[in-house]
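Undergrad: Listed in order, the protein sequences are those of chains B and H.
Using my numbering, the first residue of the first sequence is number 1, and each one after it goes up by one.
Using my numbering, the first residue of the second sequence is number 1, and each one after it goes up by one.
None of these hints come from the bench; they were simulated from the model.
These figures come from a predicted structure and were not determined experimentally.
Each residue gets a CB set at the ideal place from its N, CA and C atoms; glycine is no exception.
Heads up, simulated DSS-like pairs for lysine-lysine below, C-alpha to C-alpha not over 27 Å straight-line: (1) H/K57 to B/K425; (2) H/K43 to B/K321; (3) B/K122 to B/K321; (4) B/K410 to B/K224; (5) H/K43 to B/K421; (6) H/K57 to B/K410; (7) B/K425 to H/K43.
Pulled a few chain H residues facing chain B out of the computed Cβ check, cut under 10 Å: (8) Q44; (9) P64; (10) S134; (11) R151; (12) E157; (13) T240; (14) A245; (15) P270.
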Amino acid sequence: MKKNALLILFIALCTASMLFAAGAVEQQTREGKDITTLEFWTWRPEDVDFYAKQIALFEQANPDIKVVQTAHKNTEYNTILAASLSGGAGPDVFQGRAYGGLATFADSGFLEPLESWMPELKNYSESALLGATSPTDGKIYGSPAVSQTVFMYYNIDIYKELGLSIPKTWGELIQNFDAAKRAGYIPLGNGAKDGWCLETLLGGMGAAFYGGTDFYNAVIAGKKNFEDPAFIRMIEQMKSLTKYMPDMYMGISYEDMRSNFFNEMSPHLIAGSYEAAYFRTQNPKLNFGIFAVPSEKASDPAYVSVYADMNFAMNANSSKKEAAVKFLKFLSSKEFGKSMVTEMKMVSAVPGVDASEDPFIARVLELQKNATPYLFLVGFRYQQPTGSSLWQAAAQGVMAGTLTPRQTAKQIQDGIASYYKPFQK
Amino acid sequence: MHQIQRNKALWIVFFITPGLLVVGTFILLPLFMSLYNSLFSWKQLIRLDFVGLENFKRLLFTFPYQERFFNALKNNTYWFLSTTLLQNTFGLLFGYLLSRNIPGAQFFKRIFFIPVLFSIVAVGFLWGMYLKPSGLVNNFLKLVGLVSFQRAWLGLEHLATPTLILVNIWRWVGFPSLVFLAAIDSVPQECMEAAYLEGVNEWKLFWKIIFPLIIPAITIIMVLTIIGSLNVFEQVYTMTGLDGAPNYSTDTIGTLFYRTAFGSIDAGSPEIGIGSAIGLVIYMLTFAASLLSVFVTKRKEVQL
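With the hints as extra help, turn the sequences into a complete structure.
TA: Structure follows, in structure tokens:
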């Protein structure tokens, strides 16, 4: 009998401990009476110190608000955020994705529209706001934080050694490739094993051939499509670069292509502005510069593809919106933008941020004068099959020679036309 | 009497509950949740209306899911056939040779089994490095003068899946070898001796005596092969990525499922309804194929 009682007690204890464990967290947050505590989530565990410093500055200016930072692993961030937001909980303020990633959360009703809270958003550039706007209702759901730019990295030391200069036409670029090849370098470090790296390649070299922003606007409006001769010619030109790419380029992964560049085996790499910090840590002696891949005629613009990469967003179900807006405004201030530039080496989207202290970012901003939207991410990542997934797979086919440029263009066109209304007319 | 009965029941509950809770929460509940989710339409992360079998219809009959699904299923079939043919045949051969006590049998038994113990992610990562254009495999080919056989093993559409399969066979062949070895070792010695006395040769001995008696082991290995081939995921994920690169040539229903249900959140529009439908199809295929294989091999089984 005694044994029996013990057993029941044990089962009861186990059940009880499970039930009450869940409730324990609730009580702690009610401690401070006048202090509002904000939950702030990021997908950057590597930047925890940076944000802690910024939060300390914010709390100094707003003693009645306390911000608790939580950083999740980048690859798990969306899943965790989606789970807690759909459960009615989640952070008050958080890092949000851009474009289709933003629309996923905005259209699910998890994000607070920000225009009425933050009238200063209208000062942001159109391209930055595009990444924070849901195409479904046209409302702005995030305060744009940083942008990324795709262009050509080049090795200044190798350029000096070979007596090369920054090319002003596509022909000159090819001549530089040939010179590098003769000298025993891999002319262009890019590879094709990871499909998304071919989207980067398109972003770096494609715009001049398909016609930059004019083409972008035309396909968005359905006036042109991806079987346009200019687009097919761009694919042909991309394919022609394979003879300057590494041996067995179909097996060259993202890591391989980056190491081709920072180990100075290759003087060129088409990649995003986010690589610069990584190159500096991997090879502090690397002397690199950047340029926009030129058009065939020197008089035509040399485009760089630009996309918004991160927005600060507010939980639509937050009970502390007044405080959250204060923090959002802080994250959208010029001072915060400047620390993003100087400490994080990122291109801040805040208008009027002084980037002169960092020559690399100043140069990126200079190249952005000929900015064009990063084609498939900006325009066609809202529905399945996304333009990006179609391009990435088909581009691998064309680079490997299993698809022709025309077939590639048709696959992309057919895929997008399956849902994109302007293409169905 | 009544008291004892109740005691016994309580103890049974006590021992069963934890296991039942785990199975219920992590296996049965998700299975029924995905069945439930697959019957609804979804707007992004929000479940909307009941649509019956609409998601299955879209998966099987409309672009692009139809194309992706059957392409992935084709690759799974390819995995199954190659694994059955190569891995299980070699497993049987190795098991047989080990049972014949060839010189160094104890040594080989351990060597063959070591890769089975490795983490699948570590194997994928390491072989991913070996198979790079400048990796171990291509360097070895250069060393032995076969430069013309160097390839971008994981980057070419016609080579990527066979390469993944070979790596997986390298990792897993020790398992069927040991199972077959144990099965062959348990064949009664009298039968073998009687056969030898009758002057039966090794070939006949194998097919007429050993093989029929190890059918239960073959059943187990076949069922495991089917389950394994339908659930291929980690190998592809670690070596060629979630997109089944290059150009979907290594895509499997596992990676397709993951991409559709979760992986595309970044790229907009996760299709949770269709993702759940794929999950359910994987479950049903595994279940049906396993049943079929047990049924077929059961009929061939012999009792001594």
